[in-house]
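Colleague: Residue strings, one per chain:
There are 2 protein chains.
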Amino acid sequence: MAKKFSEMHNIPYYECDVTKQLAVPSIMKIAISVSEHQSDSVGVTDDFIHSFGLGWIITQHDIYINRLPKEGDKIKVTTLAESYNKYFCYRRFWLHDEEGNELVSVLTTFCLMDLEQRKIASVQEEIMAPFHSEHIKKIKRNDAILPINAPTDEREYRVRYLDIDTNRHVNNSVYLEWLLDTVGYERLTSHSIQRILINFNKEVRYGDVVQSRYELNTETPDISRHVIMNDDIVCAEANVYWK
Amino acid sequence: MAKKFSEMHNIPYYECDVTKQLAVPSIMKIAISVSEHQSDSVGVTDDFIHSFGLGWIITQHDIYINRLPKEGDKIKVTTLAESYNKYFCYRRFWLHDEEGNELVSVLTTFCLMDLEQRKIASVQEEIMAPFHSEHIKKIKRNDAILPINAPTDEREYRVRYLDIDTNRHVNNSVYLEWLLDTVGYERLTSHSIQRILINFNKEVRYGDVVQSRYELNTETPDISRHVIMNDDIVCAEANVYWK
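Protein chains in written order, with my numbering: chain A, 1 to 243; chain B, 244 to 486.
Note that these hints are calculated values from the structure, not bench results. You may find that some hints are simply not true.
What the hints assert, rightly or not - Looking from chain B toward chain A, a few residues come up when the C-beta cut is under 7 Å (computed): (1) Lys272; (2) Ser276; (3) Tyr404; (4) Leu405; (5) Glu420.
What the hints assert, rightly or not - Straight-line C-alpha distance at most 35 Å; calculated DSBU-like pairs for lysine-lysine: (6) B:Lys319 / B:Lys329; (7) B:Lys329 / A:Lys29; (8) B:Lys380 / A:Lys74.
Here the structure is a predicted model, which means the values were calculated and not measured. Don't be surprised by glycine CBs; every beta carbon is placed ideally from N, CA and C.
Model the full structure from these sequences, guided by the hints.
Modeller: Shown next, in the form of structure tokens:
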């Protein structure tokens with residue numbers, strides 16, 4: 001069984017949006033921070049990964065939101081590196097309230113990138129063993145992401161200095177910020193999000209200007225379809241399930 | 244003597260920049276969060292302030308940086324509501340490392356705004372007494388902010404959904420993000436900041452597009468001069484002292 005790792009987290013106002021609820025990009029910032037602490041605790045530090053010439057990249061988040069915690073709430077963040085196959089590592093996250101109710105669950109898919117060749121590398125047992133992660137043969141089948149046919153709206157975002165992390169790439173949580181921001185204040189404050197499925201296809205770098213495009217149509221009125229483009233390159237695709 | 248209030252804070256990666264140092268806007272997010280906790284602890288909650296028809300606004304930060312803490316560091320954040328006169332409340336913040344060394348100190352000036360008339364209101368003793376804040380007659384004289392003569396560069400920022408706080412105004416920390424972002428990667432990663440003096444003149448709202456303009460000149464080569472404009476309106480002016 002994969003090792004569980006938990007941390008308590010107090011939610012400050014600046015991780016919330018105008019509704020005083022935890023902002024969706026903050027969910028992934030907090031979650032990834034806790035997974036880094038687990039990695040450090042079992043000795044699989046960034047330096048250890050770099051010693052193989054590798055670096056972690058995130059290829060997908062599948063985020064299920066039951067209820068968002070609020071400013072001032074104390075939550076429990078739990079993670080485990082559930083399983084891995086030749087190329088993909090599957091990590092789960094849960095946010096619980098103080099009474100033990102599940103608020104959010106996330107399945108995140110990681111890959112290891114060869115930093116010199118800029119190609120996906122196969123996962124080495126040495127890296128996953130300390131997490132007691134199960135080696136599986138199967139590659140998990142992902143739900144298809146509904147594509148955009150006729151965009152409802154589009155906005156442009158120039159990468160800001162604080163959008164990039166220590167790899168000099170835009171942090172994955174910023175894609176969530178871009179795609180939700182494009183939807184606008186009215187929908188964000190009048191609807192709640194049940195699920196976000198996002199695939200990361202291509203890194204975005206400092207100096208880039210991306211286009212965040214989305215579609216809401218009558219065929220699937222509760223699902224918005226999103227894409228983050230860097231000129232002709234699809235950097236991310238996502239579906240957001242609303243209620 | 245004004246009541247001191249302290250909290251410990253662990254710095255996650257997402258409050259840092261590409262150098263793994265605490266980002267300057269994060270300083271003020273963390274500081275204001277701690278001052279809100281003090282206010283709540285003495286019963287001067289937002290609801291209590293609203294019961295007078297008032298709301299807090301920040302008119303100035305004067306931030307002195309000795310050394311920035313890093314990702315993973317545990318810091319102590321201390322604040323006290325030092326003094327107040329007819330219209331201004333002066334609050335101090337300190338960040339210390341675990342050995343007690345001072346990392347950052349801040350003097351922040353607050354006002355109370357009449358929410359209906361949108362005008363500055365006089366400070367009522369009832370609001371400040373629980374902090375044991377000293378009533379002073381004097382209005383502190385502020386250092387002059389060097390103005391821009393010939394802008395070196397300018398960037399435009401459209402307010403994002405997560406830039407606004409529960410007042411539906413842009414959070415004060417975002418002005419710092421805008422003005423530093425305009426300076427660009429090269430300077431931000433090759434120089435360190437010793438002091439930022441920023442005056443907030445006018446609120447910025449959702450939907451606004453601001454211009455962040457700065458000047459670096461040979462007359463004062465270690466001081467950059469900044470202004471955040473909303474068309475013709477000066478929303479903030481700042482000087483950043485570099486080394």
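Colleague: Give a verdict on every hint.
Modeller: Right, here's what the structure says about each hint:
For B:Lys272, the interface hint holds, the least distance from its beta-carbon to any beta-carbon of chain A being 4 Å, beneath 7 Å. For B:Ser276, the interface hint holds, the least distance from its beta-carbon to any beta-carbon of chain A being 4 Å, beneath 7 Å. Satisfaction of the interface hint for B:Tyr404 is found here, the shortest Cβ-Cβ separation to chain A being roughly 5 Å, below the 7 Å cut-off. A cut of 7 Å between beta carbons decides the hint on B:Leu405: the least distance to chain A is about 6 Å, and the hint holds.
Interface restraint check for B:Glu420: the shortest CB-CB distance to chain A comes to about 6 Å, inside 7 Å, so the restraint holds. Among the hinted pairs, B:Lys319 with B:Lys329 is consistent with the structure: their alpha-carbon atoms are about 31 Å apart, no more than 35 Å. Using a Cα cut-off of 35 Å, the hinted pair B:Lys329 and A:Lys29 is violated, with the two alpha carbons roughly 42 Å apart. The hinted pair formed by B:Lys380 and A:Lys74 fails the criterion: a straight-line CA distance of about 41 Å is larger than 35 Å.
Hint check: violations occur at hints 7, 8; the rest are consistent with the structure.
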